[in-house]
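Student: Single-letter residue listing:
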Amino acid sequence: MYLFSKTLLRRVLLVRKNYVFYTTSKYDLDLAIKGVSLRNYIKRLEHEYEGLLKLNNYTANSRFHQLQPLINALNERKDAVENIQNLSELLNEKDDDIRKLAEEEKLTFESRIKSIDEKLLEAILPSDKEDECNSIVLEVNAGVGGQEAMLFANELFEMYCNFAEHQGWETQIADYSPVDIGGIRHASALINGPQVFQFFKHEAGVHRVQRIPTTEKAGRIHTSTVSVVALPQPTEIEVNIDNKDLKIETKRASGAGGQHVNTTESAVRVTHLPTGFSVECQVDRSQVKNRQIALAKLRALIYQRDLEEQIARNENMRKNQVRSNFRNEKIRTYNFPQDRITDHRLQGCNVHNLKGFLQGNDALGSLIKKLDQQYKIETLLNLCRCYFGFFGSFISDNMQESGADVTTDQSLTFADITSPSQLQEVTLDQDNTFSSEYFPSKEKRKIIILEAKTNLNAK
Amino acid sequence: MLYLRKAIPHSPHFCTNFSNIFLQKIVRLKNTSVNKTGEFTSCQVGALFETWRQKFDQNSISEPRESIEYILAHCLGTPRISDVYKYRDMVLDEDRVKLVESLCLKRLQKLPVQYVLGECYFRQLVLKMSPPVFIPRPETEQLVDIVLGEIDRKNCRHFLELCCGSGAIALSLLQERPQIKGTALDQSKAACHLTKENAQKAGLNKRIRIIQSQLAQWHRCEKFDIIVSNPPYVFSKDLDKLQPEIKLYEDLQALDGGVDGLKVIKQILELSSECLNMNGKLFLEVEPRHPTLLQDYLTEIYTPKIDSSR
Numbered sequence: 001m002y003l004f005s006k007t008l009l010r011r012v013l014l015v016r017k018n019y020v021f022y023t024t025s026k027y028d029l030d031l032a033i034k035g036v037s038l039r040n041y042i043k044r045l046e047h048e049y050e051g052l053l054k055l056n057n058y059t060a061n062s063r064f065h066q067l068q069p070l071i072n073a074l075n076e077r078k079d080a081v082e083n084i085q086n087l088s089e090l091l092n093e094k095d096d097d098i099r100k101l102a103e104e105e106k107l108t109f110e111s112r113i114k115s116i117d118e119k120l121l122e123a124i125l126p127s128d129k130e131d132e133c134n135s136i137v138l139e140v141n142a143g144v145g146g147q148e149a150m151l152f153a154n155e156l157f158e159m160y161c162n163f164a165e166h167q168g169w170e171t172q173i174a175d176y177s178p179v180d181i182g183g184i185r186h187a188s189a190l191i192n193g194p195q196v197f198q199f200f201k202h203e204a205g206v207h208r209v210q211r212i213p214t215t216e217k218a219g220r221i222h223t224s225t226v227s228v229v230a231l232p233q234p235t236e237i238e239v240n241i242d243n244k245d246l247k248i249e250t251k252r253a254s255g256a257g258g259q260h261v262n263t264t265e266s267a268v269r270v271t272h273l274p275t276g277f278s279v280e281c282q283v284d285r286s287q288v289k290n291r292q293i294a295l296a297k298l299r300a301l302i303y304q305r306d307l308e309e310q311i312a313r314n315e316n317m318r319k320n321q322v323r324s325n326f327r328n329e330k331i332r333t334y335n336f337p338q339d340r341i342t343d344h345r346l347q348g349c350n351v352h353n354l355k356g357f358l359q360g361n362d363a364l365g366s367l368i369k370k371l372d373q374q375y376k377i378e379t380l381l382n383l384c385r386c387y388f389g390f391f392g393s394f395i396s397d398n399m400q401e402s403g404a405d406v407t408t409d410q411s412l413t414f415a416d417i418t419s420p421s422q423l424q425e426v427t428l429d430q431d432n433t434f435s436s437e438y439f440p441s442k443e444k445r446k447i448i449i450l451e452a453k454t455n456l457n458a459k
Numbered sequence: 001m002l003y004l005r006k007a008i009p010h011s012p013h014f015c016t017n018f019s020n021i022f023l024q025k026i027v028r029l030k031n032t033s034v035n036k037t038g039e040f041t042s043c044q045v046g047a048l049f050e051t052w053r054q055k056f057d058q059n060s061i062s063e064p065r066e067s068i069e070y071i072l073a074h075c076l077g078t079p080r081i082s083d084v085y086k087y088r089d090m091v092l093d094e095d096r097v098k099l100v101e102s103l104c105l106k107r108l109q110k111l112p113v114q115y116v117l118g119e120c121y122f123r124q125l126v127l128k129m130s131p132p133v134f135i136p137r138p139e140t141e142q143l144v145d146i147v148l149g150e151i152d153r154k155n156c157r158h159f160l161e162l163c164c165g166s167g168a169i170a171l172s173l174l175q176e177r178p179q180i181k182g183t184a185l186d187q188s189k190a191a192c193h194l195t196k197e198n199a200q201k202a203g204l205n206k207r208i209r210i211i212q213s214q215l216a217q218w219h220r221c222e223k224f225d226i227i228v229s230n231p232p233y234v235f236s237k238d239l240d241k242l243q244p245e246i247k248l249y250e251d252l253q254a255l256d257g258g259v260d261g262l263k264v265i266k267q268i269l270e271l272s273s274e275c276l277n278m279n280g281k282l283f284l285e286v287e288p289r290h291p292t293l294l295q296d297y298l299t300e301i302y303t304p305k306i307d308s309s310r
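Line by line, the protein sequences are chains A and B. Heads up: the first sequence begins at 1 in the UniProt record's numbering, then just goes up one per residue. Heads up: the second sequence begins at 1 in the UniProt record's numbering, then just goes up one per residue.
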């Protein structure tokens, strides 16, 4: 693979020297993020869209709906460009009044193109499959730091609950285990709301707190950690649990029960026998509610396990895939003495007013939005990179056949790919996001399709 | 403070979502003003929780922590126990503090929490409870599951519940399967009354018929696909060992099953032999020792097989 990329690289560099930049007019689509042109990427998407249109029941295809806004914006843009071109005659008119009118017209069209370009940029940013997920399980666990970590875990958990409520999302606490000093060992909540996972996936990871604990007498600053996990909650169809596989215990299954005892306790423990996962729940006064909550949590756990298995199988392929980072990376520091929050994923991003932040208001929301934006841009760049790097020749051949213009800007991005592992990682991304029709070798395609099938069967 | 008082929802059955918004505000106010010392004022949820938990503990009330959790959750008007911790900084007004204290005092006299609150959560229902009617136990929720399965398999229309008590089983079945009708029977007037009230509360009174009668004296002219019951099954000699909560406050008639715990069960079996349709089934909650006893008893007396689950 490494060799392959090297030869390709050489070829493209050669081409770059000889190729003449080919631009038709200044209104050509020329979007770029961080100096990387998205032009060919958009062309690719258009191509894919056309391919989808040929299918019989394309309206049922989710990818079709994903692409639709982009195509709409592109068509709008084409109309605008056409209109400007139609104006060119009028612009050369000798009559001053008409020319002025035409120029005004041109200006409005130009500004419209600008706004469409912004829209395009929005539409083009890729979204994960799980972004659509409308319900999640959020878990907060106290980490290193004993009581202090437990106290902070509680504060974080409250922050998230407040945030969810602030957003108008439905929160249901699934597990809450307080300790006497007011902290929690762990807690979890089921949160339902439009695209909640898109928000909370950026919160998953290790949160670090630096402050003088209330329990500390000498006034030293301690550092403790709290870990946050966000799992997308699968629907019952995605993860089907057979009732036979479940062992449901009311907690005092041992000893006398029934009419012999009267307790208020409504705790339930559900064990999934094939996986050995066991979930307890006692947050509601009704046992049936508790059981429902426990089952929802169990389902999320099993779903996560399936995902992880899938990832583990491809581990060598996607060493630095984003999702696996979600777990153990230190993502944010809350520094109380300096009243500052630093998110380690955003460069130079400090938020002040810690107390306000922990109330879970807009401050948290805007930080997450920033993270989401950055994450999307990075994924997009990754896609472009691999796409034009890896498939550069493939695409250009294809496009030349269809008489399309090929410029060589993509060689720039191609040169960015340095290690072969990166290339491989990207192929998988492609599989997740695109139809396999663009894979270079048929064998590779087969392998991936096979894997996908086995994954499905395993489910 | 005046604002706080106004903002706190007064009805315990206040719509939860709505009250949450208010509670939220209160928590925020709280953070900025009163809680600077980090100590709980005596009207705070957290302080009430601690004092009463200790008091219950000292007086060896069973489940001290759960008891106060339930009482506070009830006073906050929420079904969720975790809300008690969530709103532990909230300051309650005098009336509410008094309410909490009066309920706690009742609990101190070993009154079961369900009687203290006057309500009991059973499956998806919140049932009204009043002494001395038997408090439904969580195990019975599983009995309902089993019966629901049978109803779905056979597409049954009409069931009979014997010894209905507060009506928990019958009402749950009716609520979860809207196509069926039920008849509930109990010998106690208080129980029948409570069942009726609960049926009205759940809006199920049109589909249930409640009969007050002794088992033996009820003249049986109808047949049913399903008979279900949680009859008294405690051995008489075990009655003495029961928790004080049960002994002092619950109707022992609803528990006492005679020498071998089978006194009422035998009556039910006899009644079922007349009142069950062909292929009809009887579902009973019994003691762990009973299944073998019952098998022996049945092989001895009856030749036709009767399925006894649980």
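No wet-lab data here; the hints were simulated from the structure. Here the structure is a predicted model, which is why all the values come from computation and not from measurement. All C-beta atoms, glycine included, are put in the ideal place defined by N, C-alpha and C. Careful, some of the hints might be misleading.
To be verified - Which residues of chain A face chain B? A partial, calculated answer using Cβ under 7 Å:
id, residue
1, Ile173
2, Gly257
3, Gln259
4, Asn262
5, Thr264
6, Glu265
7, Ala267
8, Arg285
9, Val288
10, Asp306
Student: With reference to the structure, classify each hint as holding or not holding.
Tutor: The hints, checked one at a time:
1. Ile173: 4 Å, holds
2. Gly257: 5 Å, holds
3. Gln259: 5 Å, holds
4. Asn262: 5 Å, holds
5. Thr264: It holds, given that the least Cβ distance between Thr264(A) and chain B is near 4 Å, below 7 Å.
6. Glu265: Constraint on Glu265(A) satisfied, holds at 6 Å.
7. Ala267: 9 Å, violated
8. Arg285: 4 Å, holds
9. Val288: 5 Å, holds
10. Asp306: Violated. Min distance 28 Å.
Taken one by one, the earlier hints fail for this structure at numbers 7 and 10, listed in ascending order.
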